[in-house]
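Protein chains in written order, with the numbering used here: chain A, 1 to 226; chain B, 1 to 214.
Misleading hints may appear alongside valid ones.
Distance condition first, Cα-Cα at most 27 Å in a straight line; then the derived DSS-like pairs of lysine-lysine [stated by the list, open to error]: (1) Lys134(B) to Lys115(B); (2) Lys224(A) to Lys115(B); (3) Lys149(B) to Lys175(A); (4) Lys129(A) to Lys149(B); (5) Lys115(B) to Lys162(B).
Here are some, though not all, of the chain B residues that point toward chain A, as calculated from beta-carbon distances under 10 Å [stated by the list, open to error]: (6) Glu20; (7) Leu62; (8) Gly76; (9) Met98; (10) Asp99; (11) Asp103; (12) Val106; (13) Thr193; (14) Pro214.
If you want a taste of the chain B side facing chain A, the calculated C-beta under 8 Å gives, among others [what the hints assert, rightly or not]: (15) Arg21; (16) Gly61; (17) Val64; (18) Ala118; (19) Leu122; (20) Phe145; (21) Leu167; (22) Gln212.
I should point out that these hints are in silico values taken from the structure, not numbers from a laboratory. Note that the structure is predicted; figures quoted are calculated from it, not measured. We put the beta carbon where it would ideally sit given N, CA and C, even for glycine.
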Amino acid sequence: MERSSDPDPAVRVARLEASRLLSRAVVAGVAILAFATAQTSSGGSTSAPIVVRDASGASATLTAQGVTVRDAAGNRRMFAGVDSDGFPSVDLSDAKGQLRQSMYLLPGLADNGSKVEFPILRQFDANGKRRAEMRLDVAQDGELLLNDASETIRAALFRTKGGDPQLGLYGTDAKLRAFFSTDDDSPYLVMRDRGGTNRVYAGGYTDGSIGMAIRNAANVVVWKAP
Amino acid sequence: MSEEALVARIARLERAARRERIVALGVLMLVLGSAQAPAPSSGPVIVRAASGASATLTAQGLVVRDASNRVRALVGLDSNGYPSVDLSDATGRIRESMDLIQDLPVLRQFDAAGKRRAEMFLASDTSNGEFVIKDASETLRAALFIGTKGLPELSLYGSDGKARAYLSSDDDGPYLVMNDRTATTRVVMGTYTGGKVGIDIRNAAGTAVWSQPP
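For reference, chain A alone in the conformation it holds in the complex (with noise of 0.2 Å):
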């Protein structure tokens, strides 16, 4: 039925003038809200996301926080910007969406104490395991890890703390098997057994002079020249 069918005219006057005040409130609304999320044209500036989706369903998207591209199934395959905890961060995903390559600043204390953020490049393998590992350490020296699949370290190329450069290879047991390294005098080579024992050394002594020994398990000196 209809509602103009109402017999009594003050009624339906009282009526008309609460729709008009309705009517009034839902433009104001409307007119508020559209300033409230209203886009500037020239200034390019906006507080929403942007996104833009191909046919495909891959997807990128612009926030604040920087872009994140999406493949067709959904996954995050890449991300520039600043990620959840505040590091500016680039990550490389693989198609199942797990974190394969990631480029970041970490936050940390150097060893003088100060706060500082180190870069860092870690490659992972598809268990998410550290692999591979180039970054600044805490003296903000480069240096470059190499993981096995337990993410123990096998091999390494750094600054010791005294400076000097230095290649390290690692057990299994992530115990020193060889170091290549040098000081200002003369380089050396040593080599460790399973014990952690000395077995083979090459080049320049503390004293200077520059040889090459041999040792027995026992820490022995069995051969040795000059």
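Model the placement of chain B on the given structure of chain A, informed by the hints.
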């Protein structure tokens, strides 16, 4: 004005009010629907500077071009669909690339001729890490890696790409091997397969001519 005329005018006003309410509600729904987030765009979003430099956001990622319209940076999915960060020089040639090639992480640095000169990656078969340095012919000259048997190794190569020296280690002990141009081992130092630790020097035929300890 007669009461009938008044009622007729009220009826017209009521119909008009209903129409306005419907229109207002429709507009409100439209604004609400579009105010949540801008609708996804199927076309690229381009930001261009007065210099002509631009950044283009597509579903594949972000591409930054310089004033000469050369791509200088790409972050996103490359033409093969691999997640990638590519940095290009002023000629538009890629000089540094961090990507996942068939899901394997690779970091590559290229020279101005486009040759791969330094790489850090995980091997496709073992996922072991490798760091390699190549010459201008893209011939491998130095590598630090974990090999297929799980042993860490530093290798140095000749211009023919053949290993000349390598330092490696298993859990028993390390060893250093030096080869000549023909790939004949001339020096071995460290732990032998039998557990002996020593050093020997061999001639071009591979025969030991000196060995210690005896």
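Proposed interface contact between Ala118(B) and chain A, which counts if any beta carbon pair is under 8 Å:
Interface hint status for Ala118(B): violated (11 Å vs cutoff 8 Å).
With a cut-off of 27 Å on the C-alpha distance, tell me whether Lys115(B) and Lys162(B) pass.
19 Å, holds
Less than 8 Å between beta-carbons is the criterion; does Gly61(B) satisfy it with respect to chain A?
Holds: closest Cβ of chain A sits about 5 Å from Gly61(B), inside 8 Å.
Just to be careful: measuring from the Cβ of Arg21(B) to every Cβ in chain A, is the smallest value less than 8 Å?
Where the cut-off is 8 Å and the nearest Cβ of chain A is about 6 Å from Arg21(B), the hint holds.
Hint check, Val106(B) versus chain A [nearest Cβ-Cβ separation less than 10 Å]:
This hint holds: Val106(B) lies near chain A, its Cβ roughly 8 Å from the closest one there, short of 10 Å.
Taking only the CA atoms, is the gap from Lys149(B) to Lys175(A) under or equal to 27 Å?
Within the cut-off at roughly 18 Å; holds.
Hint validity - Asp103(B) Cβ closer than 10 Å to any chain A Cβ:
Holds, because the Cβ-Cβ distance from Asp103(B) to chain A comes to roughly 4 Å (cut-off 10 Å).
Does Glu20(B) hold up as a contact with chain A if the rule is Cβ-Cβ below 10 Å?
5 Å, holds
Hinted pair, alpha-carbon criterion (27 Å max): Lys129(A), Lys149(B). Please report holds or violated.
Holds. Lys129(A) to Lys149(B) sits at ~18 Å (cutoff 27 Å).
Under the criterion that the straight-line Cα-Cα distance not exceed 27 Å, is the pair Lys134(B), Lys115(B) satisfied?
9 Å, holds
Given Leu122(B) as an interface hint, is its Cβ closer than 8 Å to any Cβ of chain A?
It holds, given that the least Cβ distance between Leu122(B) and chain A is near 5 Å, below 8 Å.
Hint consistency between Lys224(A) and Lys115(B) [alpha-carbon to alpha-carbon, up to 27 Å]
46 Å, violated
Violated hints for the displayed structure, listed by number in ascending order: 2, 13, 17, 18.
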